Amino acid sequence: MSVSFRAAQAKNKRKTFLLLFCMFVFVVLAIWAVSQLVGYGSVWVVPIAVALALAGVWASYWSSDKIVMKMTNAKVIDHATAPQLFNVVDEVRIAAGLPMPTVAIVDDPAPNAFATGRNPEHAVIAFTTGLLATMDREQLQGVTAHEMAHVGNRDTLVMAVAATTAGLIAIIADIGIRMSFFTRRDNNNPIAAIAGIVILLLAPIAALLMRSAVSRKRESLADATAVQFTRNPAGLRRALETLAADSTVVHERSNAVSHVWIESPLEGKSKSLFDTHPPITERIEILRAMEQSGPTPT
Amino acid sequence: MLIVGIVIVLIVLLVIVALWQFNKLRRLNVNVEEGYAQIEVQLARRSDLIPNLVETVKGYAKHEREVLEAVTNARAHVQEAQGVGQTAAADAQLTSALNGLMIVAENYPDLKASTNFLQLQEELTTTENKIAFARQYYNESVRALNTAIVTFPSMLFVGMSGVTKHEFYEVPDASQRIAPNVGFN
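Protein chains in written order, with my numbering: chain U, 1 to 298; chain Z, 1 to 185.
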């Protein structure tokens with residue numbers, strides 16, 4: 001089976017759109033469920049709580065570059081301090097047609113890398129000392145291409161939207177359930193009321209599942225876009241093989257930033273629907289299929 | 001009354017589509033110009049590196065006059081070239097000359113070990129990669145623009161936006177298609 005990076009990109013973008021649309025539909029469903037239980041009159045509390053949550057998510061999105069750098073203790077480098085790394089990033093950003101991001105190094109023996117920042121003009125890409133020690137120039141170029149792909153595809157923004165929507169669903173569900181203990185709509189439709197409760201109970205889990213699915217699609221898209229940049233699937237594939245073989249985990253693995261790393265520090269060997277990344281063996285197979293398609297397939 | 005309403009809505013839609021396609025063509029055109037400028041920036045960078053490289057190699061291998069001259073001459077051709085076609089041809093010639101120089105440098109262990117040479121080698125490797133990527137980005141931009149010019153609905157607004165098709169940056173000789181491997185690590 002031959003795979004082209006353009007087909008992979010198109011597929012992942014379609015799925016992202018579909019998932020975000022489903023999440024939006026879920027928001028509407030959650031609001032409906034609340035109205036069935038509690039009545040439209042009391043729903044005014046929801047927008048206030050939602051606005052506060054929104055403000056939180058978007059503030060962290062806006063300052064994502066500073067926040068993540070602080071949490072990981074990343075040190076900025078320039079051409080004088082790390083010439084080869086700086087050159088590799090410069091090469092990839094030219095292929096991507098993007099401005100030069102801030103490049104930083106995280107002191108950690110576990111090989112890993114991340115990209116963050118609210119837009120390409122404020123992007124930060126960081127690599128652990130562990131990764132720089134174990135990878136050659138071709139693998140480093142592959143990893144850099146994957147991270148620049150996140151920057152180019154505006155994944156910090158996409159994940160902020162997904163997180164906000166998921167948060168919104170969870171908040172509406174939470175408020176809805178709480179309010180239904182105090183006020184109850186005079187409803188001659190008990191089935192709608194039961195449906196409302198079921199939806200609200202399941203909503204937070206469903207939201208998390210959809211958000212995890214969005215994250216996985218964006219990771220697959222980043223792999224395909226990385227190939228668009230370098231036209232060399234082998235570089236990223238070999239880098240992922242090295243990461244798969246290595247069992248050490250980065251120190252900064254709190255939930256807040258676990259999703260930004262190229263290899264998730266939290267997930268184990270078994271596949272789960274809550275995973276933020278597709279299984280690493282699957283990613284390697286897809287890249288291998290692209291290698292076999294030959295140079296520049298349409 | 002209804003007919004007038006429908007006509008107004010259609011006119012508004014038409015204006016919106018026209019603006020959208022006009023801007024799209026203009027934006028794609030700017031990407032192409034930016035792409036070409038980036039190629040020139042990287043070619044200039046390489047040009048600047050070369051005198052230093054030639055001097056360093058001469059310090060250890062003064063008898064290799066032919067190879068050094070080939071590089072200096074090829075560099076001059078790139079600086080004189082005008083337009084995409086000429087630049088591509090001159091660029092290919094210089095890449096070939098530099099390859100020749102790096103192969104010769106293999107025979108001089110003192111040269112290969114000098115820090116100055118190693119730094120220059122990394123800079124040369126990265127510049128060759130950047131030239132290749134700049135060409136790739138330029139070609140992608142040209143692809144997007146040329147496609148928009150011949151497909152519907154953007155093709156209807158080509159005259160209005162004043163954009164034209166551009167040439168791809170093609171490597172003239174098949175043997176030059178392999179990127180030079182100037183890294184010895």
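Hints should not be assumed to be uniformly reliable.
Computed spacing ranges between beta-carbons, pair by pair [what the hints assert, rightly or not]: (1) Z:Pro51 - U:Pro83: 17 to 25 Å; (2) U:Ala10 - Z:Val12: 51 to 59 Å; (3) U:Ala133 - Z:Ile16: 34 to 42 Å; (4) Z:Ala144 - U:Glu121: 41 to 49 Å; (5) Z:Ile3 - U:Leu157: 21 to 29 Å; (6) U:Pro83 - Z:Lys112: 29 to 37 Å; (7) U:Ser247 - Z:Arg143: 38 to 46 Å; (8) U:Leu157 - Z:Ile103: 41 to 49 Å; (9) Z:Val15 - U:Ala133: 26 to 34 Å; (10) Z:Ile103 - U:Glu121: 23 to 31 Å; (11) Z:Ala18 - U:Arg231: 56 to 64 Å.
No wet-lab data here; the hints were simulated from the structure. Please read all numbers here as calculations on a predicted model, not as lab measurements. The C-beta atom is built at its ideal place from N, Cα and C for all residues, glycine as well.
Results for each hint:
1. Z:Pro51 - U:Pro83: 17 to 25 Å: Since Pro51 (chain Z) and Pro83 (chain U) have Cβ atoms about 20 Å apart, the given range 17 to 25 Å holds.
2. U:Ala10 - Z:Val12: 51 to 59 Å: violated (31 Å)
3. U:Ala133 - Z:Ile16: 34 to 42 Å: Cβ of Ala133 (chain U) to Cβ of Ile16 (chain Z): about 54 Å, so the range 34 to 42 Å is violated.
4. Z:Ala144 - U:Glu121: 41 to 49 Å: For Glu121 (chain U) against Ala144 (chain Z), whose Cβ atoms are near 22 Å apart, the range 41 to 49 Å is violated.
5. Z:Ile3 - U:Leu157: 21 to 29 Å: violated (44 Å)
6. U:Pro83 - Z:Lys112: 29 to 37 Å: Once the Cβ atoms are compared, 18 Å apart, the range 29 to 37 Å for Lys112 (chain Z) and Pro83 (chain U) is violated.
7. U:Ser247 - Z:Arg143: 38 to 46 Å: The hint (38 to 46 Å, Cβ to Cβ) holds, given that Ser247 (chain U) and Arg143 (chain Z) are roughly 43 Å apart.
8. U:Leu157 - Z:Ile103: 41 to 49 Å: At roughly 48 Å between Cβ atoms, Ile103 (chain Z) and Leu157 (chain U) fall inside 41 to 49 Å, so the hint holds.
9. Z:Val15 - U:Ala133: 26 to 34 Å: Given range 26 to 34 Å: violated, Cβ gap about 59 Å.
10. Z:Ile103 - U:Glu121: 23 to 31 Å: violated (42 Å)
11. Z:Ala18 - U:Arg231: 56 to 64 Å: violated (36 Å)
Of the numbered hints listed earlier, those contradicted by the structure are 2, 3, 4, 5, 6, 9, 10, 11.
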